[in-house]
Amino acid sequence: MDSGEQHLSSYATLALVLVALLVLTGITVAVSYVDLGRFNVPLTLAIASTKVSLVLLYFMHLRYEGRAIRVSFIGTICFLAIMIGFTFWDVAFR
Amino acid sequence: MTMATIPSFFETPAPAGLTGIRAWLLTHDHKRLGLMYLWAVLFWFAVAMIIGLLIRIELMTMGRTIMSAGVYNSAFTLHGVIMIFLFVIPGIPAIFGNFFLPIQLGTDDVFFPRLNLFSWYLYILGGVLAIVSLFTAGGFPDTGWTFYVPFSIGTKHNVPLTVFAAFVLGMSSMLTGLNFITTVHRKRAPDMGWMQIPLFTWSLYATAWVQLLATPVISITLLLVIAERLLNIGLFDPARGGDPILYQHLFWMYSHPAVYVMILPGMGVVSEIIPTFSRKAIFGYKAIVFSSMGIAIAGSLVWAHHMYTSGMSDTAIFVFSLLTFLVAIPTAVKVFSWVSTLYKASIDMSPPLLYALVFIYLFSVGGLTGLVLGAAGTNIHVHDTHFVVAHFHFTMFGGTGFAFFAALHYWWPKMFGLMYNFRRAYIAATLATVGFLFHYVPMFVLGLMGMPRRYYDYLPQFAHGNGLAAVGAILLVAGIVLMFVNLLLSFRSRVPAPANPWGGCTLEWTVPSPPPLHNFPLQPSIQEYPYDFTEILRKAPRS
Numbered sequence: 169m170d171s172g173e174q175h176l177s178s179y180a181t182l183a184l185v186l187v188a189l190l191v192l193t194g195i196t197v198a199v200s201y202v203d204l205g206r207f208n209v210p211l212t213l214a215i216a217s218t219k220v221s222l223v224l225l226y227f228m229h230l231r232y233e234g235r236a237i238r239v240s241f242i243g244t245i246c247f248l249a250i251m252i253g254f255t256f257w258d259v260a261f262r
Numbered sequence: 117m118t119m120a121t122i123p124s125f126f127e128t129p130a131p132a133g134l135t136g137i138r139a140w141l142l143t144h145d146h147k148r149l150g151l152m153y154l155w156a157v158l159f160w161f162a163v164a165m166i167i168g169l170l171i172r173i174e175l176m177t178m179g180r181t182i183m184s185a186g187v188y189n190s191a192f193t194l195h196g197v198i199m200i201f202l203f204v205i206p207g208i209p210a211i212f213g214n215f216f217l218p219i220q221l222g223t224d225d226v227f228f229p230r231l232n233l234f235s236w237y238l239y240i241l242g243g244v245l246a247i248v249s250l251f252t253a254g255g256f257p258d259t260g261w262t263f264y265v266p267f268s269i270g271t272k273h274n275v276p277l278t279v280f281a282a283f284v285l286g287m288s289s290m291l292t293g294l295n296f297i298t299t300v301h302r303k304r305a306p307d308m309g310w311m312q313i314p315l316f317t318w319s320l321y322a323t324a325w326v327q328l329l330a331t332p333v334i335s336i337t338l339l340l341v342i343a344e345r346l347l348n349i350g351l352f353d354p355a356r357g358g359d360p361i362l363y364q365h366l367f368w369m370y371s372h373p374a375v376y377v378m379i380l381p382g383m384g385v386v387s388e389i390i391p392t393f394s395r396k397a398i399f400g401y402k403a404i405v406f407s408s409m410g411i412a413i414a415g416s417l418v419w420a421h422h423m424y425t426s427g428m429s430d431t432a433i434f435v436f437s438l439l440t441f442l443v444a445i446p447t448a449v450k451v452f453s454w455v456s457t458l459y460k461a462s463i464d465m466s467p468p469l470l471y472a473l474v475f476i477y478l479f480s481v482g483g484l485t486g487l488v489l490g491a492a493g494t495n496i497h498v499h500d501t502h503f504v505v506a507h508f509h510f511t512m513f514g515g516t517g518f519a520f521f522a523a524l525h526y527w528w529p530k531m532f533g534l535m536y537n538f539r540r541a542y543i544a545a546t547l548a549t550v551g552f553l554f555h556y557v558p559m560f561v562l563g564l565m566g567m568p569r570r571y572y573d574y575l576p577q578f579a580h581g582n583g584l585a586a587v588g589a590i591l592l593v594a595g596i597v598l599m600f601v602n603l604l605l606s607f608r609s610r611v612p613a614p615a616n617p618w619g620g621c622t623l624e625w626t627v628p629s630p631p632p633l634h635n636f637p638l639q640p641s642i643q644e645y646p647y648d649f650t651e652i653l654r655k656a657p658r659s
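Residue numbers (the numbering used here), protein chains in the order written: chain A, 169 to 262; chain B, 117 to 659.
Don't read these hints as lab results, they were simulated from the structure. Glycine residues also receive a C-beta, built at the ideal position from the N, C-alpha and C atoms. Take these hints with a grain of salt, some might be off.
Just the calculated beta-carbon pair ranges, DEER-fashion [said to hold, decoys possible]:
# : chain 1 : residue 1 : chain 2 : residue 2 : range
1 : A       : A198      : B       : F441      : 46 to 56 Å
2 : A       : G205      : B       : G254      : 45 to 55 Å
3 : B       : G186      : A       : T212      : 43 to 53 Å
4 : A       : F227      : B       : M465      : 32 to 42 Å
Build the full structure now, drawing on both the sequences and the hints.
The structure is reproduced here in structure tokens:
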């Protein structure tokens with residue numbers, strides 16, 4: 169995308185995303201009252217990740233950005249995942 | 117107006133209308149900012165070098181020589197913090213990157229000029245905070261530059277402010293990285309493809325990604341240390357469910373990649389100098405490009421090789437040891453490419469080339485001794501001994517330091533339009549190299565004999581080695597002082613430098629020395645291959 173171009177999201181799209189975020193927040197609260205054993209944390213993290221993705225894609229316009237920005241962002245996520253994941257070579261086997 | 121009559125950036129303030137000191141302190145010009153970094157970085161280098169010399173003089177003889185044990189602890193902490201955060205990390209990118217990255221890309225400035233100025237102010241603020249931390253609260257920090265817990269949380273010395281200074285310096289580094297990445301993507305000349313970017317700029321691009329991705333980790337970690345001290349959260353305290361090894365993971369997640377932030381730009385400098393003085397296209401341009409990115413990526417996966425004796429799991433030791441050996445591959449690709457470029461070349465000896473050759477030699481020793489430390493078995497034997505100190509200084513001083521000196525000699529004529537004395541430069545380089553070897557080789561031996569690092573005193577069997585290292589330190593400092601005096605004397609002798617004194621073929625050699633404000637009076641023409649010397653050789657006088 170050229171630096172001059174700007175994407176304007178419609179109110180309908182933004183409202184839909186807002187509703188989705190509120191619903192997911194509600195699900196997070198609801199799940200906290202249900203004992204799913206070892207699945208509680210992964211489920212909560214999955215919901216949180218989905219919410220973050222929605223914010224990034226629509227509110228922060230990542231969905232409409234050019235390839236360089238998207239690749240940069242995905243690279244950052246991979247880097248973070250590796251940092252956390254590799255630490256578990258230690259913590260999980262100590 | 118001809119090229120020669122265009123006023124240089126020294127005579128053209130940006131923004132226009134500013135005069136005197138304001139033309140510098142409020143400038144948006146990447147070249148002025150490069151020079152502002154130059155003087156600030158050199159100041160800190162001189163301070164840290166003097167502290168380093170005092171440390172070696174203290175260790176010259178057994179027992180107390182010139183300082184107490186407490187002052188010694190503070191001295192090696194300050195030497196490390198200043199050298200790492202105020203000299204080696206910002207050195208080449210902030211000075212030569214700021215000055216030459218836009219020119220090598222065929223553009224007039226970095227993408228965010230104001231952010232560039234802000235980065236400089238953050239750098240200065242970080243330095244000022246570091247000074248203030250020495251004389252406030254508990255005084256000189258004494259933890260070593262690694263700020264390891266639990267000591268950094270328990271010591272009465274002024275750790276929080278020093279740590280905050282490092283945090284601010286990290287911000288400066290990140291913003292510079294962000295600026296460089298954006299400039300490479302958005303501002304390079306329209307005709308310049310990725311495989312036409314000069315290798316110095318490529319190395320800065322790879323470095324910038326590491327700066328941008330890894331620095332936040334240390335920033336957060338340093339803030340956690342402050343939080344631990346002030347709020348007693350217990351993140352790193354086992355008594356409260358914390359994990360002291362977690363601190364080491366977080367610290368080295370940044371600080372090992374930071375080693376590549378330090379060395380990659382130096383490799384970029386050498387990749388420019390070797391072909392220029394070989395009058396020959398660099399061997400393996402693409403291999404060097406990909407090895408820069410490879411080092412940036414692989415170098416980010418090996419942090420825990422600093423922690424083999426920390427109590428980490430055996431699985432982690434195995435994995436990180438294996439990964440560490442991977443970094444040797446792209447590094448060796450570079451060294452072999454430089455040497456292959458020199459092979460059968462028409463070599464023109466000059467001070468920048470001499471420094472670059474010394475770099476290759478010293479860095480190779482540093483790299484190979486790194487394998488001793490990367491291998492889990494041998495690492496246990498030499499962990500936290502003088503062997504590590506010697507290895508680290510061979511890579512960071514013999515490597516980055518000498519690359520910095522090479523860059524100074526290579527680009528000095530372009531930055532100031534002045535030529536320096538070659539004879540003095542050769543003597544200084546030789547003196548510094550001999551001093552360096554006498555200084556650090558004994559430390560390898562001392563380390564193998566078992567002398568720990570950071571100890572104030574030592575056993576009689578270590579006396580000879582420490583005596584030799586002190587003599588080496590004095591020679592080394594004498595060489596460096598002579599080198600700087602020689603460069604500064606060029607302001608007095610004022611021998612003008614031509615636009616292309618070395619016969620280089622990257623874009624900075626097509627503009628006047630010193631360059632004009634907007635770098636290129638006309639749109640520069642981009643060569644199909646950035647190291648094509650055909651035209652340079654055609655114009656060269658036949659001997």
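Tell me, which hint numbers fail for this structure? 4
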